Amino acid sequence: MAKQKTILVTGGAGFVGSHLCRALLGLGHKVICLDDFSTGKAGNIRDLSSNPSFIMIEADVRKLPDDKLPEVEQIYNLACPASPKAYQSDPIKTLMTNVDGTHRVLEFALKTKAAVVQASTSEIYGSPLEHPQKESYWGNVNPVGIRSCYDEGKRAAETLCTDFAKKHKLQIKIARIFNTYGPNMDKDDGRVVSNFIVQALLGKDLTIFGDGSQTRSFQYVDDLVAGLIALMESGLLIALPLNLGNPGEFTIDQLADLVLKLLPESKSKKIRLDLPQDDPVRRCPDISQAKRILNWQPRVPLKDGLVKTINYFKTIVL
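Quick note: the sequence shown uses my numbering, first residue 1, plus one each step.
Simulated from the structure, these hints should not be mistaken for laboratory data. No false leads were slipped in.
In silico EDC-like pairs for lysine to aspartate or glutamate, Cα to Cα no more than 16 angstroms straight-line:
1) K303 to E249
2) K204 to E265
3) K93 to D60
4) K85 to D186
5) K314 to D188
6) K113 to E71
7) K5 to E71
This one's a predicted model, so the numbers in the text were calculated from it and none came from an experiment.
Build out the structure end to end from the sequences listed, making use of the hints.
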């Protein structure tokens, strides 16, 4: 087994963060989970609380409590609401979590000489004019739209990471995360996978925004966690952004049909509503760099991941 490390996961009680904490503990590491529970859930990490290698600290990343934290060797900065419903509910907090919060994390990393993986997002590409999206693409982002607090916040966080890496020679890696789904998603998350599954389980109509032809590339959470850990453990020494996503592209209509197929007892139908402002029409990652540098690629097919996610939602919805 590799040498035990002390690792800080900000946003560790969230959807992705809770899976990451569990995986790191499984690898024999000591994990410090920091979360303010604004979107994270205590239930996501309840099973970890008895593990002597797990420490939970309730705090806002914008006020990172340096005095309560031991020296760490690695930091995964995941602290930020990721669903449009959550991040639009308090857009100023969302923006400043990305800016002030990331700045605090980087200052702490400088103090403790820790390597950092920064959770960025495919949203930095905005409504892309390039398809599929490569890391070299600068994006097509509306700086004053309803999604801007998240999109521009994550772009600013990438700039901070890049400048800290250059100025202070810190080991910082940036993960541009594409649409991810799986257990521990909030049933009221507002993202399309959880929306469709919960609606189908409750017999409600599946709400499709737009004509359903817009595409997404859905990544199961276990694949993302494997990619994040591979990125952290890689020999990359500069803040080079890498796409972490599943290049399998599906229309929203196809996703709705697959959910209904996997829940044949559901009486739900599909209905169509207006497409929200700045909602991307196509989204698909080019992961050639992650495959080459990390020897990583997603392994869970959409159908298999949806079955696991449906089984999870059955336990909290029905």
